[in-house]
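There are 2 protein chains.
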Amino acid sequence: MGQKLAALKERLGTISDINSSLAMISWDQETYMPPGAAKFRGYQLATLGRLSHELFTADETGTLLDAAAKEVKGLDYDSDDASLIRIVKRDYELARKLPSSLVAEFAQVTTAAKEAWKEAYHTSKFSTFQPHLEKVLALTIKKAEAYGYKDHIYDPLLDEYEPGMKTAHVSKIFSDLKPHLVSLVEQISERAPSDDSCIHLDFDEQAQLKFGNETIAEFGFDFKRGRQDLSHHPFCSGFTSDDVRLTTRVERDFLSPCLFGLFHECGHGLYEQGVRENLARTLLADGTSLGVHESQSRMWENIVGRSRGFWKFCYPKIQKAFPAQLKSLPMETFYRAINRVKPSLIRVEADEVTYNLHIMLRFELETQMVSGKIAVKDLPKLWNAKVEEYLGIKPSNDTEGVLQDIHWSMGGIGYFSTYALGNLMSAQLYERAQKDISGLGKQIESGKFDGLLSWLRKKIHVHGRKFTANELLERVTGEPLQSRSYLNYIKTKFSDIYGELD
Amino acid sequence: MGQKLAALKERLGTISDINSSLAMISWDQETYMPPGAAKFRGYQLATLGRLSHELFTADETGTLLDAAAKEVKGLDYDSDDASLIRIVKRDYELARKLPSSLVAEFAQVTTAAKEAWKEAYHTSKFSTFQPHLEKVLALTIKKAEAYGYKDHIYDPLLDEYEPGMKTAHVSKIFSDLKPHLVSLVEQISERAPSDDSCIHLDFDEQAQLKFGNETIAEFGFDFKRGRQDLSHHPFCSGFTSDDVRLTTRVERDFLSPCLFGLFHECGHGLYEQGVRENLARTLLADGTSLGVHESQSRMWENIVGRSRGFWKFCYPKIQKAFPAQLKSLPMETFYRAINRVKPSLIRVEADEVTYNLHIMLRFELETQMVSGKIAVKDLPKLWNAKVEEYLGIKPSNDTEGVLQDIHWSMGGIGYFSTYALGNLMSAQLYERAQKDISGLGKQIESGKFDGLLSWLRKKIHVHGRKFTANELLERVTGEPLQSRSYLNYIKTKFSDIYGELD
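Chains as they are written, first to last, in this note's numbering: chain A, 744 to 1245; chain B, 744 to 1245.
Keep in mind that the hints were calculated from the coordinates and are not lab data.
Mixed in with the good hints, there may be bad ones.
Any copy will do: because identical chains look the same in the list, a pair fits if it lies in one copy or spans two.
[What the hints assert, rightly or not] No more than 16 angstroms apart at the CA atoms, straight line, and that leaves these computed lysine to aspartate or glutamate pairs for EDC-like:
1. K1178 x D996
2. K1085 x E933
3. K967 x E773
4. K782 x E1020
5. K909 x D972
Please construct the entire structure, taking both the sequences and the accompanying hints into account.
Structure, rendered in structure tokens:
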């Protein structure tokens, strides 16, 4: 290895170690930290974040990057070292574009906005949040301008979460898909609804956790290199590929949050555990984008975890875990319960058919907000109109409407679309997996998940952040992101449940 | 506040934040970290340790210290700011004395020595460990010389753990106390032994933890600013005074490890929780020395937790927690069981009478080793002779003898004596507390611990690292460390149990 590349890796190693320590103490904050410790934990997080940022954005990083770039000249685009230089250079240039005064102002404004949002949320009063969101928006626009863009001011905002993805591409995909989804929702709403009372019985919490963990261990989650704990908001945090923490929450009278929550976080966790060790301590040892990350969580949660094939294998097991509740219940009733489609006001409760419509609505409002086409004060009205148009229902207040998500208060404008992109990617990738892995359906029906996991490992996980989402999709499926696979998947699955859908 | 002092505090704040993050991820390593994560955790610990050390020992710290010293000139010795400069300057000068090559060599040698010790311990073969211990000793002597000393080469080694304490002082105290302890052990060995079978029954682990935690909450441990978890080796780690983690282990067939282990760690934890918030993020927000820390743990574990008065209050409670085992057992039998004195080969299993003899033996060997009076190869023989002389029993192999502790392999020469110093301090402080707090005995008999805790807070805890052990002892008790109080305490307590002792 060249001397400069070695020096660069040494530096990135230090930064990675700080980042993984930061992830570790953030995890503790959400899981075990005593309530009185928040103040000093805040200092620790801020200090580690600052040290990492200072080391990364220092001139020396740039000098090393340039010198190391010369050393790796001629290496394959795909090689670890060429990719390291390419990706880290991109990160570095972006990070240097934001003046530290803007970063500081952003932190200040969003801290206040988050508090205002909480109050607004609890009192359902958008006016409390409005002036704060206006400030967040103004700074977001400043940020986008600091990053710079060619086509759309929203591009650099999307790029923060989904590197390389363009607003025009997402707009096109969403507008192709939207009418189909709206129509599917309409059709399903007219059919007899599924009864989901069987997943709303009394389920012992410890038994739920035990069953969930046993199942994700069968998926391939390696508990020697990870663990599961409880937290208020479920998440997955991979400090390194050898230390991946999943969290979940459990509701005694509802199976889904723990069960499908664990499947979901396990999908994220499998991705993190699968990054090749060569990439450790390089800043590339992570998922490549939020969308691709979400494609993995959604694949295990929904495409596998809510499939009939999977439950052929798993239903006898869950019946054994909860005999009093499920012993005499036909599998089909359970299957329909976990796949009930019902337009709802709250995104996080949405099913596979309606979910993406919640995202499209947010994407449309965000792109119009940042390009100055709509004003913050008009958001509640615009929100409610879109909900009615897409889902056929109406929020009765802003807490069930525009105030339901915390993201904007934290400056996360550009984030939402990755949820839907992940859904689309999951279907596009799975469609290919079905072609590549002969008998995949049969494997899953018999509880064999290593065929799928090995395929995902090889195609996606090992690469870490080496390739962008579209690069990965093209390498694996032969085309960039599209919505066709997802629409096929949804139509096929729910036609089977609700009768032929169009 | 002066500008330079403010800048110094800012810098120390950053270092404190790194140190508390380091403590947090070390805690996780001992409690929740998945087994496969050790390798990268090692990198994280090393990186944070290096960053903290680099920031602290940088020239800039010295420059700020000197400039800030001018700003605080004229302030009281006792004031926070004068103390800050005094203590941090001491730390800084010491840290700068060690060449980084020596630190690196030390890390390398002790890593290998630890592995060799493990093997030697499991095979009871001192010769496996001997060459490694010789290297550790040689480097320890180099380290002592780098620090420099006036009277005894052991002084700077002791000073690392017990700032300001001198070898001559400790030698004098130990040699005064030793013949009395040896005589007490002899006398007690001739009397009828206590029966401790009542604490070796089957005790449900969860019930042990519940009872232990309820009791330390009554002592005053604040679970809003701390928590208890399980680990193989119990410890207390205070990241900040608002986040103090105790760990314990539980044996189903033995009450003491969990119960008295928790009392012990709680004593450490109360100290950490009691440091005044003004000292937060200054490097002074910690216990002032290992000895003073141990005085707090031993006070709650032994002087309070193993006293008859305490059990007058607590015995009905533990009977209620374990009715099958204790309901019909007289308190006196229980009291004698938890206070059984019996010479044993293993330090960590020793009682209040024999414990200090284990330490004196180590102290004598350490001081002779570093001053070249004895050779490493002769340690097993010398060890066994001392054990027989002090305790009247003989190790049958080196695992029960010279190999029993891991400390030397980690370079912890100078550490052991602080355990005994802590015992002596605990008695010296408690003797004073009895004079200062009227009716202290009655308070404890009725389960009122806030009198003692408030006194400890005010006299010891709030000061953090502002004063050395001897400074604290003189302020509180009017004299520096002595062994008289401990001997009185031991004689009185065990005469009452075993009949008049001389």
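Status of each hint after checking the structure:
1. K1178 x D996: neither (39 angstroms within a copy, 58 angstroms between copies)
2. K1085 x E933: Cα proximity of K1085 and E933: one copy only (11 angstroms, versus 82 angstroms across).
3. K967 x E773: For K967 and E773, the Cα distance is within 16 angstroms only across copies (15 angstroms; inside one copy 21 angstroms).
4. K782 x E1020: between (35 angstroms within a copy, 12 angstroms between copies)
5. K909 x D972: neither (36 angstroms within a copy, 48 angstroms between copies)
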